[in-house]
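Asker: Chain by chain, the residues run as shown.
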Amino acid sequence: MEEQDQMQSSIEVEEVEEQQREGKRLEEENVVRFLDSLDSYVTLLDSLSSTLRQGWLELASARQSMGASRINGALLDLKSHSAATSLQVTHHDDEILNQPHFTLCKWASSKNGYGDEKLRENKLQTNSDGPQLRHRSQFAGTPEKIPETKGAPLIVDDQVQKERTKSLSMFGTLVSPKLRAAQLSFETALETLVEIANVRLTMLSTSDQVRKELEGTEG
Amino acid sequence: MYGFEALTFNVHAGYLEAIVRGHRAGLLTAADYNNLCQCETLDDIKMHLSATEYGPYLQNEPSPLHTTTIVEKCTLKLVEDYKHMLCQATEPLSTFLEYITYGHMIDNVVLIVTGTLHERDVHELLEKCHPLGMFDSIATLAVAQNMRELYRLVLVDTPLAPYFSECITSEDLDDMNIEIMRNTLYKAYLEDFYRFCRKLGGATAEIMSDLLSFEADRRAVNITINSIGTELTRDDRKKLYSNFGLLYPYGHEELAICEDIDQVRGVMEKYPPYQSIFSKLSYGESQMLDKAFYEEEVKRLCLAFEQQFHYGVFFAYMRLREQEIRNLMWISECVAQNQKSRVHDSVVFIF
Chain A
1 MEEQDQMQSS
11 IEVEEVEEQQ
21 REGKRLEEEN
31 VVRFLDSLDS
41 YVTLLDSLSS
51 TLRQGWLELA
61 SARQSMGASR
71 INGALLDLKS
81 HSAATSLQVT
91 HHDDEILNQP
101 HFTLCKWASS
111 KNGYGDEKLR
121 ENKLQTNSDG
131 PQLRHRSQFA
141 GTPEKIPETK
151 GAPLIVDDQV
161 QKERTKSLSM
171 FGTLVSPKLR
181 AAQLSFETAL
191 ETLVEIANVR
201 LTMLSTSDQV
211 RKELEGTEG
Chain B
1 MYGFEALTFN
11 VHAGYLEAIV
21 RGHRAGLLTA
31 ADYNNLCQCE
41 TLDDIKMHLS
51 ATEYGPYLQN
61 EPSPLHTTTI
71 VEKCTLKLVE
81 DYKHMLCQAT
91 EPLSTFLEYI
101 TYGHMIDNVV
111 LIVTGTLHER
121 DVHELLEKCH
131 PLGMFDSIAT
141 LAVAQNMREL
151 YRLVLVDTPL
161 APYFSECITS
171 EDLDDMNIEI
181 MRNTLYKAYL
191 EDFYRFCRKL
201 GGATAEIMSD
211 LLSFEADRRA
221 VNITINSIGT
231 ELTRDDRKKL
241 YSNFGLLYPY
251 GHEELAICED
261 IDQVRGVMEK
271 YPPYQSIFSK
281 LSYGESQMLD
291 KAFYEEEVKR
301 LCLAFEQQFH
311 YGVFFAYMRL
321 REQEIRNLMW
331 ISECVAQNQK
341 SRVHDSVVFI
351 F
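So the protein sequences, as listed, match chains A and B.
Just so we're aligned, residue 1 is where the first sequence starts under the UniProt record's numbering, counting upward by one.
Just so we're aligned, residue 1 is where the second sequence starts under the UniProt record's numbering, counting upward by one.
Chain B extracted, bound-state conformation (with noise of 0.2 Å):
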């Protein structure tokens, strides 16, 4: 019953909710982007981050750096922490935390499966991928032919099968097939995890539907745009889109017709808290539609952390954690590249 979960919540989850609002105490601050922005090697960024939570996961690498090695290093802190939550997690919340990385494994199979197609070697290909999407079986998957094979010798015994029953195909694998696999994978999995926090009730699903119903969205748009100009028809787009969310149904119908950016604005902006994004871009413009919409999610995120006693706090902490990531990796290119003018151009402030 919604409003009673400060009786029992505790009981279970007490702890780890102080333990993740902890970890949300150290989130970088707009003083430590500022010093951040104002580096003028990796080597700067490195030591501005000693002072941080990622201090201990950079001390040891030597110079010179790479920016992938920053974005490596302050990955395995997000790690570190989610174990470390999952493994004292008890059922529901355990099933929860394993939600939030079955994306990363849907990313990590559609690059081995890539990768082999395209005759890389497969530990190479294991290196890439991430480390909240791993699990046993990973490697087999490059000596699948097509996706019947996938799912029958590796993906039958992880928590992607049950998303595979739209995939099974015996065409061979190659880039479009691959492409339809990922996203309808994706498409399986928002719905379902979308299912399993309205069945968890309360405060819970509140504010997961919001965040979840957010996520579909922001992929409906981008696999439009993205599609924009391609061989996909307009009914295997309008089959990527997931059914749920504030442009469920209608806003799909439209958004499946569209042929460039501006119809795609002009069905956004029939919609209230997609306007205020959109109404940042200029007509025919693109290119800060990606941080218009990450800066939209960081506030739903950040609003999560006002309510207690729901295990949305924990979906949001991960996420934040994974921007804070992505702003360090676009530093750190941006110093890299000697181009610091252009480093405000997608750095998302979260506090």
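Excised from the complex, chain A in its bound form (with noise of 0.2 Å):
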């Protein structure tokens, strides 16, 4: 009976030992998930700041080289337009990461206006689990986005092409290589800003665990 007893509280210790461990290991992968969602903050942070520093450069390059008349903020477009780029948010139902992705769409098609400005206005209104868009373009309008058919990526990059080429038309058809490789620097840096927000979001989650974890340890 006694070596039974004894059995019985071993067996109890050995398991509130390995629950222990378990919490223990579970708050250093806290820990490591933290730092390592800093480090990709602070190594994104710098990466903006470069590839804003070379897109201002080239901007300045290509005005030296197409002319001030021809770049300049007086030239831009104040029409409406459809967005040719907008950012997608969407939620994660992830007990563990239950915070919003953002997705940015890139150059989405801009053929069609009003019909699916109202189509999508409806969508909106309805509740729905489904991603809800929101705009943050440089234009008023409403993005569509380009269906991505596997196995055609040549027309898919025919048409991102277009897309550019459209963007920079406000600084005339023939503009410098150098204008180009200025708007890739700033699509860059458009991604780049998205990767941040993303990990800035997981890097406040985890943030958060780990400060819970220690304030339940120390309490």
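Just so you know, these hints were derived from the structure itself, not from any lab.
Keep in mind the model is a prediction, meaning the values are calculated, not measured.
Honestly, I wouldn't trust all of these hints.
List time: in silico SDA-like cross-link candidates among lysine to any residue, alpha-carbon distance up to 25 Å [what the hints assert, rightly or not]:
1) B:Lys340 with A:Leu48
2) B:Lys280 with A:Leu59
3) A:Lys79 with B:Asp121
4) A:Lys162 with B:Tyr248
5) A:Lys166 with B:Glu119
6) A:Lys162 with B:Met176
7) A:Lys162 with B:Leu117
8) B:Lys340 with A:Lys162
9) A:Lys166 with B:Leu132
10) A:Lys166 with B:Arg234
11) A:Lys166 with B:Glu61
12) B:Lys299 with A:Gly67
13) A:Lys162 with B:Asp236
14) A:Lys79 with B:Asp236
15) A:Lys166 with B:Asn177
16) A:Lys162 with B:Thr116
17) B:Lys128 with A:Arg180
18) B:Lys299 with A:Ala68
19) A:Lys166 with B:Lys340
20) A:Lys79 with B:Asn177
21) A:Lys162 with B:Thr233
22) A:Lys162 with B:Lys299
23) A:Lys166 with B:Lys299
24) B:Lys83 with B:Leu132
Stretch by stretch, here's where chain A covers chain B in the computed footprint (C-beta under 8 Å, at least three residues) [to be verified]:
25) 12-25
26) 179-190
Just so it is clear, CB atoms sit at the ideal spot from N, CA and C, and this is done for glycine as well.
If you follow the hints, you should be able to join the two separate chains into one complex; please do so.
Answerer: Dropping the structure here:
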């Protein structure tokens, strides 16, 4: 009887120790995840800074090449446009990562204007768990995502190239390669910004978890 | 008769040639550029420029300065020099001096038309126009809906009217049509200027033919490179090339079918004067092409001053000042963006 009691208590002690080890492992994992996301965040910030610097210098170089009358703020188009790029926000149902995720929809087709806008408004008004589109575009209007079909990457590339050229057409149709390079730099910077937003969310989420665990340990 | 300009040139243009040679002596030197390239802020640039001929134009500008302010004020110096020479000039020098500004006039017309198409305020657009290209009815450009109206309402009374004969259509103005209009006008202007200089004869014809041919060839290369990957067809591209220059006509035939920068290089390297330009570039690279062309242009413009009794010195001075202003713009941008390591990417020394 005594032996059974001893065995029972030793099993219970082992279970408690196992739980403590598991808890400690989870804590360490969260700390590592936080540090990884912090490292990614700092690296991305540095990358964004250098990309933007490069973009601004390329723009100045294009102005030098094409002339100040061809590249200046007075040529920016004030007519209403369909958005060429939009930001999509999705919510994960994951219990661990219950946070939104940002996705950039670049160079969406802008063929259809008002008709699609009406359709989208109706979709947004319905309560659904699907992705909710939010606009963060430089022009007023509505974006329409290009349906990426597998096996037709060249067609998508052509469409992207056309959208890029259309964007630059406010400065003229025959623009210097330096202006196109500046456009690519700012495009890359936009992608980096969205990555930074996602990494920042992960960083803040893991930071909260680590803080809760520390508070729990101190309590 | 070539060689006898010394007998009569100074009667009408001697004073102005002396004036323009004096202005040339005031262009910034390599020492000035070295000082400017070491500036930390735009106020430092203003301080260094205060000891140059730009000093009086910048001294009253308040801090903080902007790069566009520096360019604007330095351009005023160019405009004042030009206006002084124009008001003192007699024919045919006065017509020659007016020809120099038609390029800016074309740029201003396209700026106003493009800005109006983009629903910008005309007053805002007028502020961005180059002062050398202004004319009385320029603001009326905003009411035109197509090229026919553009010509009928405004341009028929301007020096650009003869250049419009190839552009007049009733098509609405859109980005592509405006671009074709810009390049067609410029082509017609260059050809007209070239014919005018050939008619003048003598040293003016010889020197200006060389300078304008280089300009036409450079334009052909830029049009080719800028149209790669666009909707401009080969035939349309060829129509934009001028009908003179070293590349005319066989170089143009080859440039019209180029699909990338290496093919352009292949065409240009057949012409010895341009071989040296493209030898400075690595394969597939076009970033330094502009600087290489500017350096070659500056060399030719400086050579124009080696000979007397011709009008080419006026053209050369105006272009050298414009290059100097481009240099100042680039240096100011590098200083403002804290990218001084890149300042020598685009600065072209004149002396």
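Asker: Taking 25 Å as the top limit, are the C-alpha atoms of lysine 166 (chain A) and glutamate 61 (chain B) close enough?
Answerer: violated, 39 Å
Asker: Going straight from one Cα to the other, do lysine 166 (chain A) and arginine 234 (chain B) come out at no more than 25 Å?
Answerer: Roughly 20 Å separates the two Cα atoms, so the pair holds.
Asker: Check the hint pairing lysine 162 (chain A) with threonine 116 (chain B) against an upper bound of 25 Å on the C-alpha distance.
Answerer: holds, 24 Å
Asker: Take a quick look at whether lysine 299 (chain B) and glycine 67 (chain A) sit within 25 Å of each other, Cα to Cα.
Answerer: At roughly 21 Å apart (the allowed maximum being 25 Å), glycine 67 (chain A) and lysine 299 (chain B) satisfy the hint.
Asker: Starting from lysine 162 (chain A), check that the Cα of leucine 117 (chain B) is at most 25 Å away, please.
Answerer: Answer holds: lysine 162 (chain A) to leucine 117 (chain B) is near 20 Å, not above 25 Å.
Asker: Given the hint that lysine 166 (chain A) pairs with leucine 132 (chain B), test it: the Cα-Cα distance must not exceed 25 Å.
Answerer: Distance ~31 Å between lysine 166 (chain A) and leucine 132 (chain B) Cα, so the pair is violated.
Asker: Is the Cα-Cα distance between lysine 83 (chain B) and leucine 132 (chain B) 25 Å or less?
Answerer: holds, 9 Å
Asker: Keeping to a limit of 25 Å between CA atoms, is the pair of lysine 166 (chain A) and lysine 340 (chain B) held or broken?
Answerer: violated, 33 Å
Asker: Holds or violated: lysine 340 (chain B) with lysine 162 (chain A), Cα cutoff 25 Å?
Answerer: Distance ~35 Å between lysine 340 (chain B) and lysine 162 (chain A) Cα, so the pair is violated.
Asker: So is the region 179-190 of chain B in contact with chain A by the C-beta rule, three or more residues under 8 Å, or is the coverage claim wrong?
Answerer: Check passed, 3 qualifying residues.
Asker: What's the verdict on lysine 340 (chain B) and leucine 48 (chain A), does the C-alpha distance respect the 25 Å limit or exceed it?
Answerer: holds, 20 Å
Asker: What's the verdict on lysine 280 (chain B) and leucine 59 (chain A), does the C-alpha distance respect the 25 Å limit or exceed it?
Answerer: Holds, at roughly 23 Å.
In the structure shown, a violation is registered for the earlier hints numbered 4, 8, 9, 11, 14, 19, 22, 23 and 25, in ascending order.
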